[in-house]
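Given next are the chains, with one letter for each unit.
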Amino acid sequence: MTAHTDDPMELASRVVDRAMAAGADVAEVSVGEGRHLTAQVRLGEKEVLEEAGSRGLSLRVMRGQQVAVASTSDFREVGLARVVEDALELAALSQADPFAGAPDRELLSEARQHAELDLHDPRVEAIDGAQALEMAMEAEGAALALDKRIGNSDGASVTRQAGSSVLVTSGGFKGSQSGTYISIVVNPVAADGDGKMRAGYHFNARRHVADLLEPRAVGEEAAVRTLAKLGARKLETQQMPVIFDPQSGRAILGLLAGCITGGAIWRKSSYLAERMGTQVASPLVSIEDDPLIARAPGSRAFDGEGLLSRRNTVVDAGQLRCFLLDSYSGRKLEQSSTASASRGGGRVGASTSNFFMKAGALSPEELVASTERALYVTEMMGFGFNGVTGDFSRGAAGFLIEGGKRVHPVSEVTISLNLDDLFARIDAVANDLDHETAICTPTFRVSEMTVAGK
Amino acid sequence: MSQNTRYRAPFLAGAETPIDAAIATELLRVALGRGGDYADLFFEYEVSGSYALDEGIMKSAGRSVSMGLGVRVMKGEATGYAYVQDFSPESMRHAARTAAQIADGGGGSAPLPLAGRELPSYYKPQRPSLDVDGERKRALLLRADAAARKADPRVVRVEASLAEQLREILIATSDGKLLGDRQPLLRLGLRVLVEDKGKRESGSSNGGGRVGMEYFDNRSPEWHAKQAVRHALVMLEARESPAGEMEVVLAPGDSGIMLHEAVGHGLEADFNRKGTSNYSGCIGQAVASELCTVVDDPTLMGSRGSINVDDEGNEPRATTLIEAGVLRGYMQDRHSANHFGVEPSGHGRRESFQDRPMPRMTNTLLLPGSHDPEEIIASVKRGIYASKFGGGQVDISNGDFVFSLTESYLIEDGKITAPLKGVNLVGNGPEVMRRVTMLGSDMQVSDGIWTCGKEGQSVPVGVGCPTVKVAAVTVGGTQMGGA
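Protein chains in written order, with our numbering: chain W, 1 to 454; chain A, 1 to 483.
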């Protein structure tokens with residue numbers, strides 16, 4: 001085995017062969033490569049220019065049903081030899097897991113079946129340091145120019161990334177995928193009347209340059225969001241309806257994601273573990289996991305075990321229809337994998353791809369206008385969630401809505417409700433779904449939550 | 001610490017591609033070649049291991065090696081950064097040239113001659129875990145599992161993990177420093193699930209630090225098992241929490257995480273250099289109750305946040321941030337120290353060679369007062385006793401914070417009564433610090449469990465405090481109108 005190969009597929013195949021020769025019954029190797037450039041400016045001056053590439057190799061082996069993983073960024077001969085040696089040594093140390101195993105060969109996909117998902121844009125990679133700095137300058141400049149109350153800035157940055165990964169398994173799977181990503185982030189700071197500062201931000205991230213917002217538009221939106229926070233106050237502690245905008249809504253959906261993936265189900269560490277086929281949300285709520293959306297951030301043609309990607313309906317009109325499983329959790333639950341395996345550092349587990357709440361019919365403006373009184377949440381803070389019980393409580397900030405209009409900004413309150421009740425109480429879903437992030441929701445409203453303040 | 005021969009940083013003397021003063025100087029020369037004011041090189045080799053037990057068996061073990069060189073060049077306020085993952089001369093020169101581009105003129109200054117020096121050591125693991133046989137680590141996890149199951153018949157699941165790490169670093173700077181360090185890290189995690197009459201709850205116990213296997217002599221797997229089961233059983237009895245503003249008593253030790261979030265981040269010098277912290281421009285002013293003295297101390301023996309040298313080659317020093325309520329100073333990295341015209345306090349840290357350093361906390365401590373902890377609890381008519389924290393977050397610009405409590409109790413008429421669930425504390429850092437009305441004499445430093453995230457970089461930290469009484473904090477519970 002030579003370390004001096006530039007072809008990751010060939011390298012991965014050689015490491016698989018070597019692990020098999022050393023005594024593995026199953027060997028799976030992934031090789032990831034990435035390149036990125038970050039340009040950051042602050043108050044009109046360049047602050048950071050960073051450019052680098054990286055790569056890593058990870059290996060999972062099984063000896064019988066003893067499993068181990070090893071990974072390395074050391075691609076020298078000594079490093080590659082060690083990763084194989086480590087994995088086999090650790091496999092001998094692990095205890096046999098009766099459910100361990102590779103997916104059935106007949107389930108593995110072939111390259112010709114892999115969907116073209118349009119995840120790679122050569123224009124992203126063509127952006128150089130000077131251009132990225134200029135975009136960041138323009139974005140920050142637009143935020144600072146919008147209103148003189150924007151008196152400071154925590155900077156603006158533009159990052160472009162390109163990455164690829166290959167997976168080769170001893171079961172006969174070979175696959176590769178690649179993608180690009182470009183993002184603009186702007187962080188304006190405004191001084192509030194009470195001497196407090198209010199930091200806001202806005203970002204836009206896309207796989208293709210053509211889909212990205214103009215830097216100026218991102219900057220202006222960041223400024224608008226920051227200014228909107230001025231004069232924020234607490235509310236009295238009360239029960240009231242709560243509206244989640246797409247930024248805070250996706251954090252809520254992210255909590256549910258952790259409660260419908262295989263590991264949480266067979267471990268019974270999810271409040272939904274025994275709820276298959278029952279109503280787990282309001283009939284207005286449908287939730288899907290779809291890895292096959294063109295240009296979306298969480299898209300992939302095959303999963304972390306080489307199974308062909310497919311769309312899964314998790315919740316249909318409020319009813320729980322499926323859990324997301326890899327082949328291990330499938331065996332644990334006596335079901336088949338839903339092709340939801342992801343792989344990191346050699347470890348395999350079930351996870352979401354593009355996980356979203358389907359759009360409703362109302363525009364977000366109509367949803368707000370139809371609301372007599374509510375807390376409209378734009379930001380959440382903290383980590384108050386217990387997946388075993390569904391208990392949820394987090395810090396929140398946003399606006400008070402009265403008579404269908406924003407009355408004043410709100411901060412320093414907490415919102416709480418068990419997640420089971422939260423999803424059951426969703427009484428309006430808007431149509432503003434955007435697959436900008438892998439987990440996303442439209443604006444939605446919960447009929448009543450506890451808001452704790454003064 | 002003994003030398004593990006299997007995992008040896010390739011840049012050490014006697015290894016495959018040793019980096020000596022001559023090679024480092026030449027790379028620094030390239031880095032400054034376009035007119036940079038300052039450059040540094042950060043070589044890193046990190047080996048980590050993990051062992052995970054679930055359903056009574058150690059199902060998986062893993063090991064990971066990560067290595068590389070980060071090159072930083074500064075020109076005025078601007079930073080150029082690049083990294084590579086191998087130590088070949090061509091790769092390293094390429095990184096130096098890439099980082100150099102932040103400066104656009106020719107004729108760079110020359111690096112100063114490099115000199116190393118002896119560093120004090122704040123971690124001396126007697127039995128470095130990477131040198132210990134895997135069977136011994138597996139045995140620890142099996143012991144934890146057996147003890148938890150034996151502790152109570154309601155225990156239905158036990159998950160235990162052991163994570164170990166050894167980070168070898170070498171730093172060369174254009175102002176003449178050449179320093180290295182070996183930083184060990186060990187962490188045991190235990191989570192149990194209990195079930196009673198169809199109701200499920202979980203409990204946990206975690207610990208470790210920059211220590212070796214001797215850690216388990218005092219904190220045995222059985223001890224952690226007992227703690228985790230106790231926690232889970234308490235949660236079975238927990239009821240809905242009252243919501244609203246009330247008195248809060250913080251338990252000693254782990255509660256220091258609240259201080260870390262509520263004031264610590266705002267005292268990192270980068271936010272103050274940019275004027276984006278609520279503490280910007282407040283040095284010399286009263287920012288907390290006069291009971292409060294806050295210190296960030298990187299030199300606590302074996303603590304998770306301790307460091308012998310920071311990731312910029314500066315010597316870490318215990319830094320008084322707040323003294324008797326008055327703001328005294330910030331935690332400084334090189335860039336901010338230059339800006340403020342002070343010495344770096346040795347708080348420049350980074351997650352890895354892929355990251356630029358910035359001011360970070362190490363072990364953040366609220367020093368003790370004179371009250372008996374019993375007396376503090378007895379003084380509360382109706383409030384919350386916060387004994388275990390899940391995690392927290394702060395808005396640096398104004399100090400607003402949120403914490404979730406994973407174990408807490410109601411205090412009624414001076415006595416700790418019912419356990420509560422789903423409690424969040426929400427408030428404002430400077431306000432809470434002004435409302436500290438009593439401090440216990442029972443100072444404790446947390447067992448090594450905390451990891452701090454900032455701008456996407458994670459670093460291990462320690463926290464500590466005595467029993468603390470805060471006059472009013474908003475409690476985010478679910479129950480209206482009090483318990």
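No lab work stands behind these hints, which were simulated from the structure alone.
All values derive from a computational prediction rather than experimental measurement.
Every residue, glycine too, gets a C-beta built ideally from N, C-alpha and C.
Incorrect hints may appear among the rest.
Pairs of lysine-lysine residues, derived as BS3-like cross-links and limited to a Cα-Cα distance of at most 30 Å, are as follows [stated by the list, open to error]:
#1 Lys388/A - Lys234/W
#2 Lys199/A - Lys177/A
#3 Lys454/A - Lys388/A
#4 Lys197/A - Lys274/A
#5 Lys454/W - Lys226/A
#6 Lys415/A - Lys268/W
#7 Lys234/W - Lys454/W
#8 Lys454/W - Lys177/A
#9 Lys268/W - Lys358/W
#10 Lys388/A - Lys268/W
#11 Lys148/W - Lys274/A
Chain W regions said to be covered by chain A (calculated; three or more residues, Cβ under 8 Å) [stated by the list, open to error]:
#12 60-72
#13 77-86
#14 126-132
#15 169-181
#16 192-201
#17 215-223
#18 239-248
Practice task
Would you check the hint for Lys454/W and Lys177/A, treating anything up to 30 Å between C-alpha atoms as holding?
Solution key: Given pair Lys454/W, Lys177/A is violated - Cα atoms ~53 Å apart, limit 30 Å.
Exercise for the section: Please work out if Lys199/A and Lys177/A have their alpha carbons no farther apart than 30 Å. Expected result: 59 Å, violated
Handout entry: Straight-line alpha-carbon gap Lys197/A to Lys274/A, limit 30 Å
Key = Distance of about 55 Å is beyond 30 Å: violated.
Problem - Proposed proximity, Lys234/W with Lys388/A (alpha carbon, max 30 Å) - result: 26 Å, holds
Exercise for the section: Given that the segment 215-223 of chain W was listed as covered by chain A, double-check it with a C-beta distance under 8 Å for 3 or more residues. Expected result: Our answer is that it is violated, as 0 residues pass the Cβ test (under 8 Å) against chain A, missing three.
Practice task
Report holds or violated for chain A covering the segment 169-181 of chain W, Cβ cut-off 8 Å, minimum 3 residues.
Solution key: Coverage by chain A is violated for the segment 169-181 of chain W (0 residues, Cβ < 8 Å).
Practice task
With a cut-off of 30 Å on the C-alpha distance, tell me whether Lys415/A and Lys268/W pass.
Solution key: Violated, because 35 Å separates the two Cα atoms, which is more than 30 Å.
Problem - Claimed coverage, the segment 192-201 of chain W by chain A - three or more beta carbons nearer than 8 Å - result: holds (count 5)
Exercise for the section: Count residues of the segment 239-248 of chain W with a Cβ under 8 Å from any Cβ of chain A, then say if the count reaches three. Expected result: Since 1 is below three, the answer is violated.
Problem - Restraint status (C-alpha distance of Lys454/A to Lys388/A at most 30 Å) - result: Given that 30 Å is the threshold and the Cα spacing comes to 22 Å, the pair holds.
Handout entry: 8 Å C-beta test of the segment 60-72 of chain W against chain A, three or more residues
Key = holds (count 6)
Handout entry: Distance restraint between Lys454/W and Lys226/A, which requires alpha-carbon spacing of 30 Å or less
Key = 38 Å, violated
Violation of the numbered hints given earlier is confined to hints 2, 4, 5, 6, 8, 14, 15, 17 and 18; the remaining hints are satisfied by the structure.
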